[in-house]
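S.K.: In case you want the letters, here they are:
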Amino acid sequence: MSGVLQNLVAIIIGVPIVSAGLLALLPGYWLSARLNILACLVTLLAALSLLLTARPPAGPYFLIDDLNIVFIVLNTFVGFSAATFSASYTNHELAIGRLTPTYLRFYHAMYQVMMFGMNLALVSNNIGLMWVAVELATLSTVLMVGIYRTHEALEAAWKYFILGSVGIALALFGTILVYLAAQPVLGEGQGAMIWTSLLTQANSFDPALLNLAFVFLLLGYGTKVGLAPLHAWLPDAHAEGPTPISAVLSGLLLNVALYAVLRFKMLMTANDRALDPGPMMVVMGLLSLIFAALMLYRRRDIKRLFAYSSIEHMGIIVFAFGMGGPLANFAGLLHMVMHSLIKSSIFFSVGHIAQIKGSQQISAIRGLTQSHPVLGWGLASGVFAIAGMPPFGMFMSEFLIVTSTFERQPILALLLVLGILLALGALVLRLIGFIFGEPTGELKPSEAYYVPLFLHMSLVLMAGIYLPGQMVVWFQTVAALLG
Amino acid sequence: MGLTLAVLIQGLQMLLVVAVAPMLVSVVRKVKSRLTRKQGAPLVQPYRDLIRLMRKDVVLAENASWLFRVVPYLVFAATWVAAALIPTFATGLQFSWTADLIAIVALLGSARFFLALAGMDVGTSFGGIGSSREMMIASMAEPAMMLIVFSLALIAGSTQLSTAVQFLASPHVGLRVSLGMALVALVIVALAENARIPVDNPTTHLELTMVHEAMVLEYSGRHLAMIELSSALKLLLYISLIGCIFVPWGIADSDANASFAAYVVAVLLYLIKLSVGGVVLAVFETSIAKMRVFRVPNFVGIALMLALLGTLLLFVSMSL
Amino acid sequence: MGTLAFDIAHLLAGGLLLVSFMMIYQDRMFALLHVFAFHAVVLSLSVAWQAYNQGAPHLYVTAAIALVFKAAIIPIALRRIVKQLGVHREVETVVGVGVTMLAGIGLSALSIVLMLRVTAHADAFAREDLAFALSVVLLGLLMMVTRRNAVSQVVGFMSLENGLILAAAGAKGMPLVVEISVAFSVLIAFIVIGVFLFRIRERFDSVDVTAIDDYREVHR
Amino acid sequence: MSAVEFELLVAAVLLVLGPVAVFLRRMSWVSSFIYASSGGLCALIASVGAARLVARTGDSGLTLPLGLPWIGSHFQFDALTAFFLVILGIGGAVVSLYGIGYGRHEHDPMRVLAFYPSFLGAMTLVLLAADAFTFLLSWEVMSLLSWALVLTHHQETNTRTAGYVYLVMAGFGTMALLLAFGLLAGSDGHYAFDTMRGAVRSPTLAAVILGLMLLGAGSKAGLVPLHVWLPLAHPAAPSHVSALMSAVMTKVAIYGFIRVVFDLLGPSAWWASPVVILMGALTAVFGILLAMMERDLKRALAYSTIENIGVIFAALGLAMAFRANGLTAAAALAFTAALFHVFNHMVFKSLLFMGAGSVLTATGTRDLDQLGGLIHRMPITSFLVLVGAVAISALPPLNGFASEWLMFQAVLMSPAIPQDALQLMIPAAGGLLALAAALAAAAFVRIYGIGFLGRARSPAAQTAVDVDRFSLMAMGTMAVLCVLAGILPGMVIDAISPVAKAVLGGQLPLQTHEAWFMIVPIAEGRSSYSGMLVLLFIAVSASGAAWAVHRFASHRLRRAPAWDCGFPDPTPATQYSAGGFAQPLRRVLGTNILGAREVVVMPEPGDPSPARLTVTVDDPIWHNIYSPMGAVVIYVATKMNGLQFLTIRRYLSLVFLLLIALLVGLMLWA
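Chains as they are written, first to last, in our numbering: chain A, -1 to 481; chain S, 1222 to 1541; chain B, 149 to 368; chain G, 15 to 684.
Calculated directly from the structure, the hints in this document are not laboratory data.
Hints are supplied without guarantee of correctness; some may be wrong.
Stated by the list, open to error - Some chain A residues judged to face chain G by a derived CB distance under 10 Å, without partners named:
1) 282
2) 296
3) 416
We treat Cβ as the ideally placed atom computed from N, Cα and C, and that holds for glycine.
Full structure from sequences and hints, please.
M.R.: Written out as structure tokens, the structure is:
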């Protein structure tokens, strides 16, 4: 059994890196796009079969537990659908000459490197390895963000790179501090970095060191999560990179960073004397939420708009996990999954829309329901879903977060509601402009590839009405784990 | 007392009000003329007017719709039904349970509603002036009236006029501040509702000051007759109302099998009350000038305030 | 571990902090690069001493990387960039050097107080080391935010990273230190290449500020 | 099959019908098919609901494994639900009938058809839901679908503005409800209504929940000051949708309020009720004043909806006040009045909106000043609208008066209340309600007089013709209901009494046994009213008088030009305009309450240009609350927008400062 598991893990991290190598060598756009999809599909299948096999004890490097399996499946799934979207997207980019075949080859290779980095970060049982993997994923996305080589793209990539590097450094310092805290108990060397041992022994660690470490980790990984005021790289990176990458950034990379934060939060809660990380997360979450909600109003670029919405939702999620308790944690997890699915599907439709209109300017996009009904209503359902309206899944998570918070912390719940409402106001304002009114600009029919969009939206819709019992049990165990 | 008699008395009441109404108008006019040192028309003049109008052809504006022709009868009917439900000389009439005081007020509201519509039907500027001002005055007067009704109902424990009057006629109602306020308020409301000075002038034909008359400007012949008759009925209704509430003495109680003599006395007393009311009205109208139309809301507003105050004071006196 | 070993480690770590202060103090570009090279040398000595004390031979690799890469290659490369791109030879500061120094002292105090809170579970050796490392990290960040020139910001980042290496080396038996130092070297190489490629003369964001500002207002 | 299963099934079919319409979009019969089947399904909904109320069939409940995983989706079918299902069913059925005809004129019919049946289905679900999640989910889906319907004519800027304000307010309302349910459920998440009902709460907590419900349900119903979206959104939708939104959706909001405040929360503290009464009464006056000033026919109707909502809330507040003091009979009276008015408003407001829709189809305009003379061109529609106008003005013998009368009877029960504050306040509130009723009459004289009477003010109004027979049938049905409910109020009261019994534990005495279809809410000596007799008397005396006059006096008739005091003017522009009609009341009440301003621009002597009178009436709530709020958000957003354009160094400074702050915090904490 263990062999199977190891094999699956090997597939999950091996397939991406191998295909990254292949893609770097393979010429020909058609083949590499297909190979990219295939690699993602294989990874996804491996991830799904993780669900079916029994889980063996964790090894020194890799670990599959209830928490990360959620992330892995989500990660590989969105990675896969984004790859299918990417095929249709890049096809168009190649046709209009925004990307050359050489850059595309690089793009596909980097896509797999990024998948590798993220998968590795998720399955690693070693906090050092996790750090390395998160950084790898970050650096690969930096390269993708700058791939258009326009002035703005380079600037965005540069900003991302510099801020990311500082984040990297802070996270590393935090990791070193955790090691230092663990070392007297677990002994020197590898052992003091293995997650599972850390967690079991956490109570005997020095709480002061853990506190200090958490500050650095929260800031370091929080930069990647995009929490305000560490968010600055995020809108630019989303807006200037290729849209599939925006989808992956919002849908996946933020989650991976969040996963790291959650891991260390668990460590903190496992130590009785350490600072409760909850309030810190709650404050940062609320700050991000309200800040991003206000920033939504003055946007002129559609991708930047949704990038800020990602910050907003990361705020909500971090808030939920910060509040803790079975309901809020459950809601936080659900919210995270829903956000990944919805936001990537929004970026799928935004990508097509921007290609049709030849612009990402909000003012250039009007009357979509009239000129492109499917895309228009697809975008509308995406925006409704992201604004937390039923019958989509995010409504359930917001329902749980708000109702469970209000009884415990009325003021916080009111602030949360304020943030959500502010964001709703901005999103709806823009949405009405996008999909209603007389259509302007290019009216040619779209050659969009709708499958990933509708796949995501139907999952989200289903989750809003019916959650499979198994998934609920599974989420509940994770929620209990998170404390 | 059998059902026949009950129906008979009710019928008598209906006939009485419609028969006496023009006379009341006549009395008012006569007294006013005399007060201004004029001879005045003979007392039967309103009856003659009505009959002459009835016999004349109707000259209908070309644009008038069916509504315009139906309204006079509707208004008359609504006012008549309302007047028939007021205990004029006897309480507990057969059909008095049909509608209580609130419904009577609302019936008058219906009449006004249709009349205002008729004023707009032909599409003239004067009709519009009349209707809009009438509705403005009414929207002040009606809540005042309703508050008066509240005061009464809270004192008497019933909105049923018969019950209330019986209660008020009984000895255990002393002088009440609230009742006084209600009286003043009711008088103001009555003046406003009947288009009397100082709110409106029933005899004016100066266009810009008209309210009620502007509304019915396009009416002629039998239609006008019905409308004149209904205004007379309405005046009678209000004076009877004031009479039966504030001077309820002498009213026969048909529930208590009043004797024939009691009825006769009651009818006589009622006629006296009416004449007194008419004379007082005439004196009041002669001694006061008409207001500008936009002063009217303040005037009617006084009624509203007094009625409200009356209601509130009622609670104070009850909790004492 | 004897007191001598401790004293030497203490001395070297303290030296690193002192050199950090010297970097903050410098307002000439070339002098800054020289001091940075010295910073790297001190780091390399410190790491080597740790390697010797902990008996961890792989740390010597880290020390060597620090010595070769940071004390030699990077300063030389930056020097060439400064010359080739015609960067100002003076360091533009946001606030005065005096204020920055005061802030730096405050930061050091903060990190030492924080580290002293750490109970005796961690041995004194690591504790001292860590206090200095944290100071160096914070000073590096301080330098990044108070200097306007791209080159001096890169230098700030590198000194920050030196602090990290110091901390990692000081953490007894910490695995992956070499890998991390290699990774960081690559990162820094990227940054330096980026500065060079994008012709960032003055600031990180001076790719072409005026043109971008117009664009920003209209389009985002 | 139990009633709840049946109703759920119908709701599900309705929900699915929307997407089905999309698939059938190429068929020529799709519009008629969708409206006809929606109407039929609504009739089914109503009949099952009516069976519960009249035949007293039992309650039923159902739990489906949907929604919140560990709670499930609870559904219930009890008297309260049944009553509102009847409201929904009748409204939906008749409006759908109207839609068969009206829908043909729609430029882009799929924008209505795809959402219309689902909207009905979502409202049904709200009424059936028996746990917080299902309730809110259906509630918000209802909002969303109606939003999509509002934006049918999305090319108009005003419509888009309306859609925006609507959705944001809907979001606000949902959040308020969310918080309310959060408190009701407690931190352990008891989201099912059954568990909420049993919980014990402090009066303060109950009051907070009540306040949140006022915000949540009130914003959907249109309670001042949360009403601003309503006069924008309701008129923007196609008229049959406006009818549904005004007549039915606002009632669903009231259902939500009753369900939570009366059913789940139980008796509240007495001091909570004055808030509701006062809010309701002020809403009534405020709404109808705005209706009085409004030039747009449909907007005026929307404002009148606000008034009626206020009346209903005031009655509900009365019921709360009585209930808080254990006066069950009085509470039942007020509650019955409220529900009676709910029914009545559904009937006449849908009638009026359908009438407005017919006018819109016939003339292409909603501007009262472009209408006039329609009574000649559209006789049937005009007659039916007249019935609606009389009914909504609370005039006997139609239904509006019956509920108004009950409400005043409830007001007169106030001496039984021990608290002085309430004793003093209730009659004052009653005065406000009377004021609102009087103003309503004025407003509808204006709407009807300007819009339907007089001479045509535009060529469009001159050439209008009456609408199709489906529309007329639909309006006719509602007009008949107006009359029936007016003359047989006892039957309606008896149908409501199981609801009052279930919710309050008390009910009015049975009315259908009274002679002459009299209603006697308390005792005969106290008050009684028979709409039937009033109608009979008026009919007999009016026709008798007419007959007598025609028989004995004269029946000749001559047509001649209008007299108009000798100055007839052939141009229709000399008629009173909508603004002119409103002028007296605008001067009296509008100046202070609504901040109405008149600006006269008089040309210099010798200048031949015309003098101009400009009148501005603006909703002060919008100006004093919403506009500044929006301005603040935009101001803050604009100020913060600078954060988008900082240099990397400044961003790094932010990171650095946060780090220092956290470290200092850590130092101080430790």
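S.K.: Does each hint fit the structure? Answer for all of them.
M.R.: How the hints compare with the structure:
Because the smallest distance between the Cβ of residue 282(A) and any Cβ of chain G comes to about 9 Å, under 10 Å, the interface hint for this residue holds. With its C-beta approaching chain G no nearer than about 4 Å, residue 296(A) sits inside the 10 Å limit, and its interface hint holds. Interface restraint check: residue 416(A) against chain G, minimum CB-CB distance 9 Å, threshold 10 Å, status holds.
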